[in-house]
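Numbering (mature numbering (1 follows the signal peptide of the UniProt record, and there is no 0)), first residue to last: -21 to -1, 1 to 490.
Since the hints were derived computationally from the structure, they do not count as laboratory data. Accuracy of the hints is not assured; some may be wrong.
Said to hold, decoys possible - Cross-link-like lysine-lysine pairs, in silico, DSS-like; alpha carbons within 27 Å at most: (1) 430 / 412; (2) 210 / 51; (3) 39 / 359; (4) 210 / 118.
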Amino acid sequence: MKTKRLWGSLLSLVLCGSLLAGCGAESSSSTAQEGDGSQKVEKVVFAMPSFNRIPDDISKVTAAINAITVPKIGVEVDFRLYGPADYAQKVNLALQSGEQMDVFTTLGQFTNYVSKNQLYPLDELLPQYGKELTQILEKDFGPNLLDATTMDGHIYGIPVNKGMSLPTNIVYNADMLKEAGMTSDQISSLDDLPAVFEAVKQKHPDVIPFGPVNVNPSDTNLVLALKGMHKIDFLSDTTGIGVVVGNDGKVQNFYDTEAFKQGAQMIRDWFEKGYLEKDAATTSISFSDTIASGRGFSFLGGYSGMEAAKALSAQTGKNLEMKRLVPYYFDTSAVNLVSWMVSSTTKAPEGSVKFLNMLYTDQQLINTILYGIEGEDYVKVDEHHVKFPDGMDASTVPYTAMLSTGIVGSESLQYQLEGVNWSDVELKLKENKETERSPYFGFIFDPSEVKTQMSAVTNVVNQYLPALVTGVLDPDQTIPQFVKALNDAGAQDIIASKQKQLDQWIAEHQK
């Protein structure tokens, strides 16, 4: 998703002017009149990242949200919408300055927030205020989902309830495949791809057969494929320093495993045969843009369901299809990567959990947050589908956060855009339950004892990995240098710390 810039937030003024409830500058609660009685109204600041254009004014949507939450749960929502590039900075600034910030999402930083004591434990509040939330999580994902956000016996977050199983697919230009005289039936594994690339290259000499979909510091989709192929648990961080392959419980350096060496050699072979660009490791152009220009054929991508190719076709203007090659493998980080949390500084913990409960279970609230005002920002097509008003699209409607569907609420309650098969949502939920889980699912590594080493090895990974996962460097020569640099940066300290914590976790969970 492309980064959008934040234009500015007027929300404190908006809510103070709301007719739904009073707004005190120094209070997190007020009183709203309902008929003959009164109800205490708690104010909750809800910060959400949007991957769409950020409107100058979201007061109408904020009022619509509060028209739902105030009568139902007595919570007035101060809705703050930030672009992804600014989101973490805005949230962290509020947390550090003491400004009210109640409900926010991790965007990959769950353990960091826990280690800084910035999260409110939810385990005592969920049984009273989040019953429906926990029920829908179990219905859509299966049992023990909250293990992925539990540390030291406390639940610190709620994973987004969506299709979380992301099998590795080859996404390709279907017209080029046909012109090359091949069909999708000839593709069933990574081993089948070189023959396809060669056929495309012969038919279209100016086309780049394969590329990394993401740009610097590295494309992660080869790593994603290797995780699924070899059942590798990254033990709740993304560095690759300290993983378990299979179920032997032995923590090791991912970049020193046979799995990584074989994967890097495969990409190297593709590179040497001319299937990737020479500057694949350093280009600033995403391969989806290369495909849109007509110069690219395919890339690897992790997608839930089977409808992603439709969205990618619309994005690129090309006839794209996809074929699944590698199954997904659930480890903890796959689930808690995007989770919603309550700040440890909140003055409205009950109200925050009440709002979280609705964020996952109230269809009207979820779709107001995502699509805005019915009739102005979207039009209902049927029970499950919406479209933009005539003559409008995502860039011209007053409000939409449709690209945030993957990070908000429950996908089973979200409207889908017209043309998306509802059966795909059902498939995603089915695969949530059927995808294999690591035996260490629920283990969360606490990096506080090795923070310096974590920072150092991350720099080393960013230095070496891009060229290895794009085939630019010879893995036989480079991987030993890479591993040595990692060890010099403290990789063995991290591995030892992970092993100690994992052994303790295993002992506790075998009782």
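Here's how the hints hold up against the structure:
With a C-alpha separation of about 35 Å, the suggested pairing of residue 430 with residue 412 is violated against the 27 Å cut-off. Among the hinted pairs, residue 210 with residue 51 is inconsistent with the structure: their alpha-carbon atoms are about 45 Å apart, more than 27 Å. The suggested pairing of residue 39 with residue 359 holds, with an alpha-carbon distance near 19 Å, which does not exceed 27 Å. For the hint pairing residue 210 with residue 118, the CA-to-CA distance comes to about 25 Å; that is within 27 Å, so the pair holds.
Checked against the numbered hints above, the structure violates hints 1, 2; every other hint is satisfied.
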